[in-house]
Amino acid sequence: MNCFQTTLRIKVSKDFDIQNIAKLASINLSEDEQENLAKDLSIILEHVKALSDLELNTEQNEIYIHPLEKELELQEDELVESLTHEEALSNAPESKDGKFVVPPSME
Amino acid sequence: MDIANLPIRKLNTLFNKKDLKPSELYSKIFDNAVGSEASLHAHLTLFEEENIKKAKESDGRFEKGTAQSLLDGIPLAIKDNINIKGYKTTCSSKMLSNYTSPYDATVIKKLKESEALFTGKTNLDEFAMGSSTENSAFGLTKNPWDTDFVPGGSSGGSAASVGARSSIAALGSDTGGSIRQPASFCGLVGFKPTYGTVSRYGLIAFASSLDQIGPITKTVDDSRILFSAISGQDSRDATSIANDQVDIPSDKTAKIGVIKELMEDGISDEARNEVSKVIETLKTSGYEVKEISIPIIKLAISIYYLIAPAECSANLARFDGVRYGLRIDGNTSYEMMENTRAEGFGKEVKRRILLGTYALSAGYYDEYYGKALQARKEMIDEFTRAFNEVDYLISPTTPTQAFKAGEKTSNPLEMYMSDLCTIPANLAGLPAISIPTGVTNDNLPLGVQIMSRALSDESLLNFSEIIEKEIQFDQQPKGWV
Amino acid sequence: MTLQPTIGIETHIELNTNTKMFCRCGVVDTEEPNISLCPTCLGLPGALPVPNKKAIEYITLLALSTGCEITTKGMFHRKNYFYPDLPKNYQISQFDLPVGLNGQLEIVIDESTDFIQIERVHMEEDTGKSTHSGTGRIESATSTALDFNRSGVPLVEIVTKPVITSSKQAVAYIEELRQLSIDLNISEGRLEKGNLRFDANISVAPEDSKELGTKVEIKNMNSLRSLERAIDYEIQRQSKAVHDGVEIIQETRHWDENKEVTSTMRSKEGSADYRYFSDPDLPNMYLSKEFVDQVKSSMPQLPNEQREELINTGLSLKQANILSKSDEWIKSLYFKVHQQTKDSEGSYNWITGELQGQMRKANIERLPEWFSHDYLSEIIDLIKNSKISFTSAKIILSQLLEEDSTPNEIAEQKNLFQENDTEKISEMVLQILEENQDVVDRIKSGEDKLVGFLVGQLMKQSNGSVNPGMAKELLLKKIED
Numbered sequence: 000m001n002c003f004q005t006t007l008r009i010k011v012s013k014d015f016d017i018q019n020i021a022k023l024a025s026i027n028l029s030e031d032e033q034e035n036l037a038k039d040l041s042i043i044l045e046h047v048k049a050l051s052d053l054e055l056n057t058e059q060n061e062i063y064i065h066p067l068e069k070e071l072e073l074q075e076d077e078l079v080e081s082l083t084h085e086e087a088l089s090n091a092p093e094s095k096d097g098k099f100v101v102p103p104s105m106e
Numbered sequence: 000m001d002i003a004n005l006p007i008r009k010l011n012t013l014f015n016k017k018d019l020k021p022s023e024l025y026s027k028i029f030d031n032a033v034g035s036e037a038s039l040h041a042h043l044t045l046f047e048e049e050n051i052k053k054a055k056e057s058d059g060r061f062e063k064g065t066a067q068s069l070l071d072g073i074p075l076a077i078k079d080n081i082n083i084k085g086y087k088t089t090c091s092s093k094m095l096s097n098y099t100s101p102y103d104a105t106v107i108k109k110l111k112e113s114e115a116l117f118t119g120k121t122n123l124d125e126f127a128m129g130s131s132t133e134n135s136a137f138g139l140t141k142n143p144w145d146t147d148f149v150p151g152g153s154s155g156g157s158a159a160s161v162g163a164r165s166s167i168a169a170l171g172s173d174t175g176g177s178i179r180q181p182a183s184f185c186g187l188v189g190f191k192p193t194y195g196t197v198s199r200y201g202l203i204a205f206a207s208s209l210d211q212i213g214p215i216t217k218t219v220d221d222s223r224i225l226f227s228a229i230s231g232q233d234s235r236d237a238t239s240i241a242n243d244q245v246d247i248p249s250d251k252t253a254k255i256g257v258i259k260e261l262m263e264d265g266i267s268d269e270a271r272n273e274v275s276k277v278i279e280t281l282k283t284s285g286y287e288v289k290e291i292s293i294p295i296i297k298l299a300i301s302i303y304y305l306i307a308p309a310e311c312s313a314n315l316a317r318f319d320g321v322r323y324g325l326r327i328d329g330n331t332s333y334e335m336m337e338n339t340r341a342e343g344f345g346k347e348v349k350r351r352i353l354l355g356t357y358a359l360s361a362g363y364y365d366e367y368y369g370k371a372l373q374a375r376k377e378m379i380d381e382f383t384r385a386f387n388e389v390d391y392l393i394s395p396t397t398p399t400q401a402f403k404a405g406e407k408t409s410n411p412l413e414m415y416m417s418d419l420c421t422i423p424a425n426l427a428g429l430p431a432i433s434i435p436t437g438v439t440n441d442n443l444p445l446g447v448q449i450m451s452r453a454l455s456d457e458s459l460l461n462f463s464e465i466i467e468k469e470i471q472f473d474q475q476p477k478g479w480v
Numbered sequence: 000m001t002l003q004p005t006i007g008i009e010t011h012i013e014l015n016t017n018t019k020m021f022c023r024c025g026v027v028d029t030e031e032p033n034i035s036l037c038p039t040c041l042g043l044p045g046a047l048p049v050p051n052k053k054a055i056e057y058i059t060l061l062a063l064s065t066g067c068e069i070t071t072k073g074m075f076h077r078k079n080y081f082y083p084d085l086p087k088n089y090q091i092s093q094f095d096l097p098v099g100l101n102g103q104l105e106i107v108i109d110e111s112t113d114f115i116q117i118e119r120v121h122m123e124e125d126t127g128k129s130t131h132s133g134t135g136r137i138e139s140a141t142s143t144a145l146d147f148n149r150s151g152v153p154l155v156e157i158v159t160k161p162v163i164t165s166s167k168q169a170v171a172y173i174e175e176l177r178q179l180s181i182d183l184n185i186s187e188g189r190l191e192k193g194n195l196r197f198d199a200n201i202s203v204a205p206e207d208s209k210e211l212g213t214k215v216e217i218k219n220m221n222s223l224r225s226l227e228r229a230i231d232y233e234i235q236r237q238s239k240a241v242h243d244g245v246e247i248i249q250e251t252r253h254w255d256e257n258k259e260v261t262s263t264m265r266s267k268e269g270s271a272d273y274r275y276f277s278d279p280d281l282p283n284m285y286l287s288k289e290f291v292d293q294v295k296s297s298m299p300q301l302p303n304e305q306r307e308e309l310i311n312t313g314l315s316l317k318q319a320n321i322l323s324k325s326d327e328w329i330k331s332l333y334f335k336v337h338q339q340t341k342d343s344e345g346s347y348n349w350i351t352g353e354l355q356g357q358m359r360k361a362n363i364e365r366l367p368e369w370f371s372h373d374y375l376s377e378i379i380d381l382i383k384n385s386k387i388s389f390t391s392a393k394i395i396l397s398q399l400l401e402e403d404s405t406p407n408e409i410a411e412q413k414n415l416f417q418e419n420d421t422e423k424i425s426e427m428v429l430q431i432l433e434e435n436q437d438v439v440d441r442i443k444s445g446e447d448k449l450v451g452f453l454v455g456q457l458m459k460q461s462n463g464s465v466n467p468g469m470a471k472e473l474l475l476k477k478i479e480d
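As given, the protein sequences belong to chains A, B and C, one line each in that order. Heads up, the final residue of the first sequence is numbered 106 in numbering that gives the first Met the number 0, and it's a clean run with no missing numbers. Heads up, the final residue of the second sequence is numbered 480 in numbering that gives the first Met the number 0, and it's a clean run with no missing numbers. Heads up, the final residue of the third sequence is numbered 480 in numbering that gives the first Met the number 0, and it's a clean run with no missing numbers.
No lab work stands behind these hints, which were simulated from the structure alone. For each residue, glycine too, the CB sits at the ideal point set by N, CA and C. Among these hints, one or two may not hold up.
[Stated by the list, open to error] Below, a list of computed lysine-lysine pairs in the DSS-like style, where the Cα atoms sit at most 25 Å apart:
1. A:Lys95 / C:Lys128
2. A:Lys69 / C:Lys53
3. C:Lys52 / C:Lys167
4. B:Lys27 / B:Lys55
5. A:Lys69 / B:Lys376
6. B:Lys403 / B:Lys477
7. B:Lys17 / B:Lys55
8. A:Lys69 / C:Lys78
9. A:Lys48 / B:Lys376
10. A:Lys48 / B:Lys259
11. C:Lys471 / C:Lys443
12. A:Lys22 / C:Lys78
13. B:Lys108 / B:Lys55
14. C:Lys218 / B:Lys376
15. B:Lys9 / B:Lys20
16. B:Lys20 / B:Lys55
17. A:Lys38 / B:Lys346
18. A:Lys48 / B:Lys346
19. C:Lys52 / A:Lys69
20. C:Lys128 / C:Lys192
21. B:Lys289 / B:Lys254
22. B:Lys276 / B:Lys251
23. B:Lys109 / A:Lys69
[As the list claims (entries may be wrong)] So the derived list for chain C, only partly shown, Cβ under 8 Å to chain A, looks like this:
24. His11
25. Asn15
26. Thr18
27. Lys53
28. Ala144
29. Met284
[What the hints assert, rightly or not] Just so you have them, the derived chain A footprint on chain B, three or more residues with Cβ under 8 Å:
30. 298–311
31. 409–415
Given only the sequences and the hints, what does the whole structure look like? Please build it.
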């Protein structure tokens, strides 16, 4: 399917550091996974490069978050009861004395 | 006429006339599930016990004449990325295979108020990422028209269920076509409402600015009924909007456009033929039809596959084994999180998270995500210009008919390409519907997509119904009822 | 070469709204863990943020009070990083469009004022609380326990420009900021409760250098005292390094309260990549002129305005500063007493000195309900008119803290009125001289200091009721004769 190749400058990112990205995403990839995913991502990125080569007119401050340009509505500071203590902990993999427990977290 | 084939309004009339009881309907639906699930695997869980009770309560209301809602006693299948309190919501992922929701999504709350029944939760591509349901961690769903083929995705289970009549209608979610494409592959109506008209509170987020919940049904009217029941501004969702509908004509004074870029290379002959068929029908009825060009559509896939992964990389960061879901141990909490996410996420999910992480990372933001946001604004503007000329835009829903499992999984791009026609509506926040129009030589159904301007959902449904009436697609997959 | 320190301070202020920033769970102060939670602040799948209007009003108030420019079209951003006490593994914050920009805060050190430039004021949400088991120190913990009650509490972050040049300035800045947030009624300002938290960025460079030195961030300063000591220590450490030719590493260091040193935290290499992007769950936030004007109209008297008013009553800047940072009841008391007595020094000294001192000693936090400002005014007047001595006044005050009476009544009761009658005093003088002839002789021969002894004797005999000034005068006169 060739409908996406406009002026495609083929420039595969050689500095694509899959280990760094996996670290940022907090996913422990196996070596095989690293290789395969790096390959996949390269293919996809090569494709989307056509987009980054485009000259576009829109200013950064014209970007709307909402596709229909809705404005944020602020809500009144009024209490609404929600989860009970039990409900909050109902799916906890590990808990003790009402708190969620995890292995030690380093700063 | 088998009752499972009937549309909602007809069923409601039968209930009111006491010609049929909700418990009888549910019984039939459940039998269909029993008969089809082994081969189709549309549902992940069935709520049998609860429904027997609920159906009886519905019986009581119709007996006394106190039933208020059109959906009272109607069994609906719910995609398993929508929270129902007290039940598992797994998103078809190992990450959430043991997660029980402590709260209801807003759409579920509304449907409960309508006294609808929930058949159970349906299978999907993991975390709604995919176009075939092959990415489910719990096995793939088959297409009821031909079990060698996929039902589409990510709402494959919902579509297969309605197709096989193990539900009367279903809810799915649509981020890049995940309602419309499976509807097209399964010969059903699939409707993605205007962004913001249906609350996302309780829908497990994939891409926040693109996701919408919507119906998969046998008829346009059924979609209309469901849309009416689930839409409305929700104070729990800051992106939801008031459903202030804009009226546009659906009679022959309406102007129709065919999207040029979606009738060119990359679209199969079969898909093009379906569109041509609809165009001819409209012309015969006196509608004015012309070609409309929206050049930036050619970049839709690139824009989408930067925005959606970027948003999902952050939306899925909460899955870390700390407060719920899967936990794989580690010496430190960092290790625990890294191991949990390595084990809990499937390949496609990892791919998108990493792609999104990269697109947002230092040094690459402007080039990738920043650019995509700008291009998205351009696309919105181009659609606005198009809707100054026409009222409805027609295109194929999918480039091809359903494909076989395993056919598109070798190259990630191949699968992504199949979203070409559906993605633009998500990017621009527009309402879009797929209606079944024909069956290919392989006896697989295909649909045609219609889009209209934001907040013209009801007019779009009216217009689609007119086409539905003209085309008279009355086929269904054999052997399930 | 002389090295000049450059300091910037980042402060987080917890707002005392009823509910959290992005959900309507209550902001609670309790030891009971995990009791104020909902899907949003617990980071459950499918949950969505909805912003707190009051919090936005409060931050706008703070931004206006520091003369910031208000950003009319702002937005929220996701700051992405993984940590167990961050439920979504991203924090909703603001990146390049914060609520307030380019303000300043007037600070007072002794008798001079200065202005600290403020870079930005932005809105964000707080995290949960981690407790590390084992020794309580992170390095040797065996597990970490999490309480998410605090997760989602509104936080305002204020960042100064790098214009602070000493630990003294830093302390004065925090004191002023704290008082401002209390006067604006947006925070309780209790440092020990973590209502106000701060980190410092410190670098040193040669006096004449145009560039700044390497910046080091210091965390974990929990009081003003530790702020001061940590800054002093770090300046010293960096200066020594420069003089020794040792490179200063850009890093985050932890202030150790016990060892009184800063030490390297076990952090990742390089600076974190937070991958900021605009939060798709929160549309653009427009702060209209009406909104800003309304907030402006609710502005109370600011600390610097209070100081001006206080100075106008006759106090020094230093005194005015101390009062402006005192509890509301003290300020109010001062103004009332001053109005009645027109004696600024007297009012100031009695309130900040004797009254507060006695209350501290008696362990009283608030004035008894019968205690009126009139009493202090009365006491001050009685002293001014030499009716009572200073010592007697102290006694009266102490009594008033215990019983409901008036200064005149108590003075009457305890016979504290001063003797001012010359004749009566002269009589007593003669008696004292008679009883202490030997001392008189010694005075006559040059030992002037012993006059004080005789005055003391006179005071003793009269139970302190003689005007000491007059007593001394008459003694000397009689001795000469």
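Consistency of the hints with the structure:
For the proposed pair Lys95 of chain A and Lys128 of chain C, the alpha carbon gap of about 15 Å is at most 25 Å, so the pair holds. This hinted pair checks out: Lys69 of chain A and Lys53 of chain C have alpha carbons roughly 21 Å apart, not beyond 25 Å. Taking the CA atoms of Lys52 of chain C and Lys167 of chain C, the gap is about 36 Å. The hint is violated against a cut of 25 Å. Taking the CA atoms of Lys27 of chain B and Lys55 of chain B, the gap is near 14 Å; set against the 25 Å cutoff, the hint holds.
For the hint pairing Lys69 of chain A with Lys376 of chain B, the CA-to-CA distance comes to about 14 Å; that is within 25 Å, so the pair holds. Restraint check for Lys403 of chain B and Lys477 of chain B: the C-alpha separation of about 19 Å stays at or below 25 Å, so the hint holds. Our distance criterion of 25 Å between C-alpha atoms is met by Lys17 of chain B and Lys55 of chain B, whose separation comes to about 14 Å. Distance hint between Lys69 of chain A and Lys78 of chain C is fulfilled; the C-alpha atoms sit about 23 Å from each other, no more than 25 Å.
Taken as a hint, the Lys48 of chain A and Lys376 of chain B pair is honoured in the structure, with Cα atoms around 18 Å apart against an allowance of 25 Å. For a cut-off of 25 Å, the pair hint linking Lys48 of chain A to Lys259 of chain B stands: about 24 Å separates their Cα positions. With a C-alpha separation of about 15 Å, the suggested pairing of Lys471 of chain C with Lys443 of chain C holds against the 25 Å cut-off. Proximity of Lys22 of chain A to Lys78 of chain C is assessed by CA-CA distance (about 16 Å); at most 25 Å being required, the pair is judged to hold.
Straight-line distance between C-alpha atoms of Lys108 of chain B and Lys55 of chain B comes to about 20 Å, which keeps the hinted pair within the 25 Å bound. For the proposed pair Lys218 of chain C and Lys376 of chain B, the alpha carbon gap of about 42 Å is over 25 Å, so the pair is violated. Among the hinted pairs, Lys9 of chain B with Lys20 of chain B is consistent with the structure: their alpha-carbon atoms are about 13 Å apart, no more than 25 Å. Between Lys20 of chain B and Lys55 of chain B, the direct Cα distance comes to roughly 9 Å. Compliance with the 25 Å bound is thereby established for this hinted pair.
Restraint check: the Cα-Cα separation between Lys38 of chain A and Lys346 of chain B comes to about 13 Å, which is no more than 25 Å; the hinted pair holds. For the proposed pair Lys48 of chain A and Lys346 of chain B, the alpha carbon gap of about 23 Å is at most 25 Å, so the pair holds. A distance of roughly 17 Å separates the Cα atoms of Lys52 of chain C and Lys69 of chain A; the hinted pair therefore holds under the 25 Å criterion. Restraint check for Lys128 of chain C and Lys192 of chain C: satisfied, since their Cα atoms lie roughly 13 Å apart, inside the 25 Å limit.
Among the hinted pairs, Lys289 of chain B with Lys254 of chain B is consistent with the structure: their alpha-carbon atoms are about 8 Å apart, no more than 25 Å. For the suggested pair Lys276 of chain B and Lys251 of chain B, the alpha carbons sit about 17 Å apart, so the restraint of at most 25 Å is met. The hinted pair formed by Lys109 of chain B and Lys69 of chain A meets the criterion: a straight-line CA distance of about 24 Å does not exceed 25 Å. Evaluation of the His11 of chain C hint against chain A yields a violated restraint, the C-beta minimum of about 17 Å exceeding 8 Å.
Given hint, Asn15 of chain C at the interface with chain A, is violated; its Cβ is 11 Å from that chain's nearest Cβ, farther than 8 Å. With a least beta-carbon distance of about 5 Å to chain A, the hint placing Thr18 of chain C at the interface is held under the 8 Å criterion. Evaluation of the Lys53 of chain C hint against chain A yields a held restraint, the C-beta minimum of about 4 Å falling below 8 Å. Given hint, Ala144 of chain C at the interface with chain A, holds; its Cβ is 4 Å from that chain's nearest Cβ, closer than 8 Å.
Satisfaction of the interface hint for Met284 of chain C is found here, the shortest Cβ-Cβ separation to chain A being roughly 4 Å, below the 8 Å cut-off. Figure legend: the segment 298–311 of chain B, annotated as covered by chain A; annotation consistent (6 residues with Cβ-Cβ distances under 8 Å, at least 3 required). Residues of the segment 409–415 of chain B with a Cβ under 8 Å from some Cβ of chain A number 4, which satisfies the need for three, so the listed coverage holds.
Of the hints listed earlier, those the structure fails to meet are numbers 3, 14, 24 and 25, in rising order.
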